[in-house]
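So that you can map any letter, position 281 of the sequence shown is 285 in the numbering used here, and since no number is skipped, the others follow by simple counting.
To be clear, the hints were calculated from the coordinates, so they are not data collected in a lab. Quick caveat: nothing in here was measured; it's all calculated off a predicted structure. Cβ coordinates follow ideal geometry from the N, Cα and C atoms, glycine included. A portion of the hints provided could be inaccurate.
Okay, the calculated beta carbon distance ranges per label pair [stated by the list, open to error]:
#: 1; residue 1: E74; residue 2: T153; range: 14 to 20 Å
#: 2; residue 1: S195; residue 2: S248; range: 30 to 36 Å
#: 3; residue 1: S265; residue 2: S138; range: 26 to 32 Å
#: 4; residue 1: T129; residue 2: S195; range: 49 to 55 Å
#: 5; residue 1: S56; residue 2: S138; range: 20 to 26 Å
#: 6; residue 1: S195; residue 2: Q115; range: 41 to 47 Å
#: 7; residue 1: F112; residue 2: L33; range: 24 to 30 Å
#: 8; residue 1: Q172; residue 2: E152; range: 19 to 25 Å
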Amino acid sequence: MSQEPFSKKPMKRETLADRVAADITQHILAGDIEGEMALPTEPELAEQYGVSRSVIRDATRLLSARGLVEIRHGKGVFVTASQKEPFADALMLALRRDNATAWDAEEFTLQMFPVAVALATANGTEEEIAGLESLAERFLHALAKSNETTTEAEFESLNQDAQLALDQFQLAIYRATHNKVMHQFAEPLRSLRKLRRWDLSHVEDDMDQDTFQQLDRVFLREVLSCLRSGDPNRAYSKLAPFASLPPEAVAAMRKTPIGESPRIVIRSPLPVPEFHEDLTD
Numbered sequence: 005m006s007q008e009p010f011s012k013k014p015m016k017r018e019t020l021a022d023r024v025a026a027d028i029t030q031h032i033l034a035g036d037i038e039g040e041m042a043l044p045t046e047p048e049l050a051e052q053y054g055v056s057r058s059v060i061r062d063a064t065r066l067l068s069a070r071g072l073v074e075i076r077h078g079k080g081v082f083v084t085a086s087q088k089e090p091f092a093d094a095l096m097l098a099l100r101r102d103n104a105t106a107w108d109a110e111e112f113t114l115q116m117f118p119v120a121v122a123l124a125t126a127n128g129t130e131e132e133i134a135g136l137e138s139l140a141e142r143f144l145h146a147l148a149k150s151n152e153t154t155t156e157a158e159f160e161s162l163n164q165d166a167q168l169a170l171d172q173f174q175l176a177i178y179r180a181t182h183n184k185v186m187h188q189f190a191e192p193l194r195s196l197r198k199l200r201r202w203d204l205s206h207v208e209d210d211m212d213q214d215t216f217q218q219l220d221r222v223f224l225r226e227v228l229s230c231l232r233s234g235d236p237n238r239a240y241s242k243l244a245p246f247a248s249l250p251p252e253a254v255a256a257m258r259k260t261p262i263g264e265s266p267r268i269v270i271r272s273p274l275p276v277p278e279f280h281e282d283l284t285d
């Protein structure tokens, strides 16, 4: 019985630049060189590794392409503080090339968020839960103030404050899971989901921004109630029903390329779930 070779694909020959880049990568991952620290100069690295300066330049380009270092012309080469931005950019490019839609990102996030809240309920510290409550209260306060304002400029400013607090709330949920994979994915996922443009002009019954604000209030209060409960199973079961959107929203997102803002035309009023537990003062 003949055996197939392990691989019919020829192995890539490793260059000196590959080896130097791999060694520097290991030092960065081990924490020997921390974020924002400068690498030794090009001549110093060439002497340390016993290679030419052109090899060091090629190795530096490899490290930069991987998001591990930043080349600051005239200043040197610095270790990046975080790889989240390069990771988010690479993920977006890969998804665009795969013809992903806004719904792909939305569906993934809707399914993952109840899991994240359940893990945060189990693993979050008292300080983290208190921080989440503070962010939720900041968001709800901005919403309430936006209803009282009489100027468009102030309304836009309060809406921006509310959106920032909501973004920080969602990121803090993923941090409170104490799961490294979820934490790394949180910010790239947020960058994939752009603002939705809701068109309510076709709804016969009265429906305005207050409806969406009420949905946000109910959702946040449900999340906080789950976090306070300390019961991850309850948290998941309570939030799983929120992982759905109106059919019009799903259809619009399926037609929208990932990274772009879908325009969603709503033709019937959205139901607002009831919630009877208020935030603590």
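Handout entry: Enumerated hints in conflict with the structure, sorted upward
Key = Hints 1, 2, 4, 5, 6 contradicted; others consistent.
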